[in-house]
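Asks: If you want the building blocks of each chain, they are given just below.
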Amino acid sequence: SAVISQKPSRDICQRGTSLTIQCQVDSQVTMMFWYRQQPGQSLTLIATANQGSEATYESGFVIDKFPISRPNLTFSTLTVSNMSPEDSSIYLCSVNRGLYNEQFFGPGTRLTVL
Amino acid sequence: QKEVEQDPGPLSVPEGAIVSLNCTYSNSAFQYFMWYRQYSRKGPELLMYTYSSGNKEDGRFTAQVDKSSKYISLFIRDSQPSDSATYLCATSLNTGFQKLVFGTGTRLLVSP
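Residue numbers (the numbering used here), protein chains in the order written: chain A, 1 to 114; chain B, 1001 to 1112.
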């Protein structure tokens, strides 16, 4: 498995502000993934972050709203910009690890936007 | 139509029961199938990982894939209160880059 930590674990933010979520992995990985888990919805991939290149965003997600940094092989950040109540969700990072590239998740960041 | 369909539950069973959790998917190109367990306020934890059709057993857990009917199942034998969690099925096209497609999760409650 992989040891993945996220900061903050939760936050309550005001509409119109931005929040940066950090993800730290215990060893180097090529790709890191960011997911969103909205209440009653399935986990949805936001983007894939490779070190040294621009993140690749899934349909429906844009860089202006969810800028991502990947400064090294063990760390990534996701920023949720200009937040609205619809951004209230759990945000999760994940990495591939193991013989079959199984995907392991961090504990998540629970965001509430008022 | 969602790519992966899963009954949200909750599914309530007594301790010791056999639990059957199921998902259906629409894309026949999916090749890899996973089950995750998610406790409240925690990240998803990988339980089982299978490729193509067939069964895979790990302790009290058995994962079953039927690609002909696009149906995946997770069976839990001798269920325990500690099994109470949300179970997420997920699929992907390949392992090189795992863009996982998830179901919404089934909430399982095992009562003592």
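Be a bit skeptical, because a hint or two may be false.
One side of the interface only, derived from the structure: several residues of chain B facing chain A at Cβ under 7 Å [unchecked claim]:
| # | residue |
| --- | --- |
| 1 | V1019 |
| 2 | Y1039 |
| 3 | P1044 |
| 4 | K1056 |
| 5 | F1102 |
| 6 | G1103 |
| 7 | T1104 |
| 8 | R1107 |
Just so you know, the hints here were simulated from the structure itself, not pulled from any lab data. The C-beta atom is built at its ideal place from N, Cα and C for all residues, glycine as well.
Asks: Let me know if the C-beta of P1044(B) comes in closer than 7 Å to any C-beta of chain A, holds or violated.
Replies: Since the shortest Cβ distance to chain A is 5 Å, the answer is holds.
Asks: Classify the hint on V1019(B) as holds or violated, based on whether any CB of chain A lies nearer than 7 Å to its CB.
Replies: 20 Å, violated
Asks: Classify the hint on T1104(B) as holds or violated, based on whether any CB of chain A lies nearer than 7 Å to its CB.
Replies: At about 5 Å, which falls below the 7 Å cut-off, the nearest Cβ of chain A leaves the hint on T1104(B) intact, so it holds.
Asks: Quick check on K1056(B) please, does its C-beta sit within 7 Å of some C-beta on chain A?
Replies: 12 Å, violated
Asks: Mind checking the CB of F1102(B) against every CB in chain A and telling me if the closest is under 7 Å?
Replies: Holds, because the Cβ-Cβ distance from F1102(B) to chain A comes to roughly 4 Å (cut-off 7 Å).
Asks: Please verify that hint: Y1039(B), Cβ, nearest Cβ of chain A, below 7 Å or not.
Replies: At about 10 Å, which exceeds the 7 Å cut-off, the nearest Cβ of chain A leaves the hint on Y1039(B) violated.
Asks: Can you verify the interface hint for G1103(B): is its Cβ closer than 7 Å to any Cβ in chain A?
Replies: Status holds, d = 6 Å.
Asks: Measuring from the C-beta of R1107(B) to each C-beta in chain A, is the shortest one below 7 Å?
Replies: Interface hint status for R1107(B): violated (11 Å vs cutoff 7 Å).
Consistency note: the structure conflicts with the earlier hints numbered 1, 2, 4, 8.
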